[in-house]
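Let's have the full structure, built from the sequences with the hints guiding it.
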Amino acid sequence: MTQPPRSSTAPPSAGAVVPAIPPQAGHPAAPARPGRSPAPRRTALAEGAERLRAAATTEPGRLRIIGAVLALLVVAFGAVTAWQTAERAAAADDVLHRSQPLSSGAADIYRALADANTAASSGFLAGGQETAESRDRYEKDIRTAAAGLVTAATSSEPGSPSEAAVTKLNKLLPEYKGLVERARTYNRQGYPVGGAYLRYANEKMQKEMLPAAEDLYKKENQRLDADYGDATPYPWTAIALGVLALAALGWAQHRTYRHTNRVLNQGLVAASTATAVALLWLVAGHTVARSGLNGSYDNGVRSLNVLHDARIASLKARGNENLSLVARGAETITVGGQTYDAYYYDFDQDMGVLAKGLTDARRLADDEAGSGPVEAAEGNMAVWKRRHASARAEDENGNYQQALDKVIGGADATGACFDGVDRNLALAIGHEQTEFQRAAGDGRDAMTGLPAGAALLGVLGAAGAVAGVGRRLSEYR
Amino acid sequence: MYANRVRTSLRGWGGVGAMAVLCALALTFALLLPRTQPRQDDEGGARTAGPGVARGSQARAGDCEDSEAQDQTLSPSGADGRTIDAIKSRTGAKRKLVVGVDQNSYHWGYRNPNTETAQLEGFDIDLAHRIAEDILGDPDAVQFKAIPTSRRIPAIKNGRVDMVVRTMTITCGRLDDVAFSAPYFKTGQQVLAPKSSPVKGYDGTLAHKRVCTASGSTAYGKLKADRDAGDLPASTDISTTVPNQLDCLVRLQLGEVDAVVTDGALAASQAAQDPTVALKGDAFTTEYYGVAMKKDATDLVRRVNRVLVDYRADGWQASYDKWLSDTLGKDSGPSKPPAPQYLRKS
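In order, the protein sequences belong to chains A and B. Under the numbering used here, think of the first position of the first sequence as 1, with each following residue one higher. Under the numbering used here, think of the first position of the second sequence as 1, with each following residue one higher.
Please keep in mind that the hints were generated in silico from the structure rather than gathered at the bench. Everything hinted at is true.
Residues on chain A that point at chain B, a partial pick, calculated with CB under 10 Å:
id	residue
1	N187
2	G194
3	Y200
4	G329
5	T339
6	N399
7	L404
Keep in mind that this is a model prediction, so the values were computed, not measured. In this text, a Cβ means the ideal position worked out from N, Cα and C, and glycines have one as well.
Put into structure tokens, the structure is as follows:
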């Protein structure tokens with residue numbers, strides 16, 4: 001505890017001092033160095049080094065330096081640990097409470113928009129017989145998207161691509177809604193221009209809004225990945241400092257033993273213990289946190305991404321299936337010299353994406369509760385494809401009403417299959433979301449108290465080191 | 001630590017990112033490539049559109065003039081032949097005449113969602129029923145197939161339909177691929193604009209106006225040729241083309257264009273859906289709609305021509321009054337097809 005102020009001179013040349021200790025037979029006869037003054041003005045650094053060198057020639061001086069270096073190392077270890085773990089804990093907290101919810105929120109906007117488009121086309125096909133259910137679904141989707149956009153807007157930084165996407169969506173949403181309402185009105189009057197409006201609304205949705213929503217979703221996912229990237233790397237600087245501090249403490253104790261034959265110096269032992277505990281806590285805590293976070297990524301986020309993509313694909317497929325009946329051949333697309341109905345073509349593409357997404361999701365699911373709904377959705381999809389083929393055959397043979405019944409009819413229609421896919425995917429997403437929160441929460445909790453604890457242990461350790469060295473020093477008085 | 005971070009971020013994006021990028025790329029290619037280029041020249045209409053029309057009529061000067069293309073049909077006859085026998089030999093639910101129609105042309109061929117089973121109805125549909133009644137003895141023995149504009153000729157050539165009754169203009173270009181009946185309707189390209197619009201017709205009032213046409217349509221070809229030739233103000237913006245002529249009405253109502261150019265008959269069907277727009281000026285081309293069939297189905301062509309002879313005398317006017325008189329005027333004179341010529345010999 002003696003003379004802590006001395007430590008303030010030590011830092012600049014701490015490294016240089018350590019190797020300068022071996023000369024045991026340090027002779028007290030110091031050459032008249034201070035007396036020499038060839039250069040009257042010398043830099044503070046040179047002056048400090050000079051004084052240090054002078055101090056290192058006496059045992060008390062050396063002890064002071066050792067004490068200062070030890071205290072500094074331990075404090076530095078504590079501080080860096082606190083800093084690095086606080087950073088990681090904050091990143092882990094961000095993963096749990098900021099970026100993942102935002103990523104989920106963006107996925108919700110994306111889904112709500114695709115769902116609104118699907119609901120609008122279903123309602124349109126039903127015409128005057130549109131159910132309150134279908135209407136509510138559309139309105140609810142629009143509300144969800146609008147509310148989601150507000151959340152996304154408040155959390156996006158000014159000038160960021162996310163903000164641009166949110167702005168674009170905010171602009172397009174009322175336009176889209178206007179087109180859908182016009183489509184609905186004309187359709188109720190029996191005018192085919194209603195279908196043209198719906199196709200225009202759909203084009204706006206598919207070509208402008210969904211890509212913007214997807215962009216937002218991707219950007220939020222990038223933020224999530226960045227937070228994971230900040231939360232999971234090992235705090236190597238802190239670990240290295242801890243090991244160095246422990247080694248220096250060990251060396252100091254060995255030196256004391258050689259000089260005094262005393263085995264234990266309480267202060268140094270206390271410092272070593274504090275450092276060792278902090279180091280162990282750091283390594284163990286971070287490893288647990290890391291495995292929790294990695295688990296939450298592998299089992300939660302990856303599954304969630306795949307499931308969200310699959311759900312969007314199913315929504316797009318359903319929208320295109322409906323639109324093919326609204327468009328009635330008004331739009332075609334030529335691929336490889338073959339002309340297809342544009343919406344049937346897109347439907348097939350979307351179903352391909354859905355099938356692949358479901359396969360991936362099943363592979364990623366790590367338990368029964370996760371894979372169950374995905375398998376159920378795969379079953380729904382298989383039936384959907386069969387029923388769609390039969391509905392399409394009716395449509396291509398000109399049996400419009402039969403095709404319509406097979407698409408938006410009751411339990412035997414493709415609509416029931418789509419609802420099944422959607423319901424099961426929602427279940428799977430809910431499950432993976434819980435998994436994610438549990439794993440990421442565990443990971444973040446493993447770092448609880450680590451920054452404060454490391455700081456406290458660092459202070460305690462430094463105090464121990466100073467006390468230990470001070471006790472030796474007092475023997476010279 | 002940097003390497004670690006890169007690895008972490010790569011692990012996150014390696015799988016998902018690469019997949020997303022690949023999917024996006026594949027989709028972009030699949031969707032955009034065909035959309036950007038060939039839509040036009042695949043369109044059956046594009047062959048006959050604009051420059052094609054001019055070139056075609058010059059090359060075939062002795063053969064076929066577009067102004068006389070409607071005469072290139074066979075004389076009427078009620079005799080059965082190979083094609084009609086094949087249609088009659090269909091059994092059960094398949095014993096139907098397969099007709100390619102439009103489902104989106106109001107009062108021509110469209111599904112009315114407010115009928116019991118969303119029935120197809122319109123002027124073209126009436127004619128199809130009449131032909132079916134003549135050939136199969138039952139006006140309802142028709143199977144309607146919705147055919148997009150661009151698929152009309154391929155659908156006939158590959159036998160997906162027996163005939164197309166779908167506001168299809170008789171042109172020399174199309175005569176290379178299919179056979180036409182005698183004309184059943186006379187129309188021409190016409191301008192459609194809001195009633196309050198300063199646009200008065202196909203003339204200088206279109207200067208600085210944005211005009212919408214269906215992509216690959218005769219209308220677009222004509223506009224482009226006339227603008228290049230200076231008959232239309234160079235400031236007329238004709239860059240808005242849409243997949244279907246009806247989409248033009250949407251653009252017009254949304255104020256994205258100032259006028260629409262399409263067949264007068266179809267323009268009238270648009271006007272019928274919006275009381276604030278009207279046909280402006282007279283038709284600036286003369287076109288005839290015909291029933292299109294396979295080129296070698298000579299018996300069917302003759303049979304349809306015989307049906308048309310009867311239909312013009314009894315049925316045509318009723319159908320006109322029912323569907324078209326509200327927008328095209330009480331006087332059906334300008335829409336009545338001329339007396340057929342039957343100049344095709346084989």
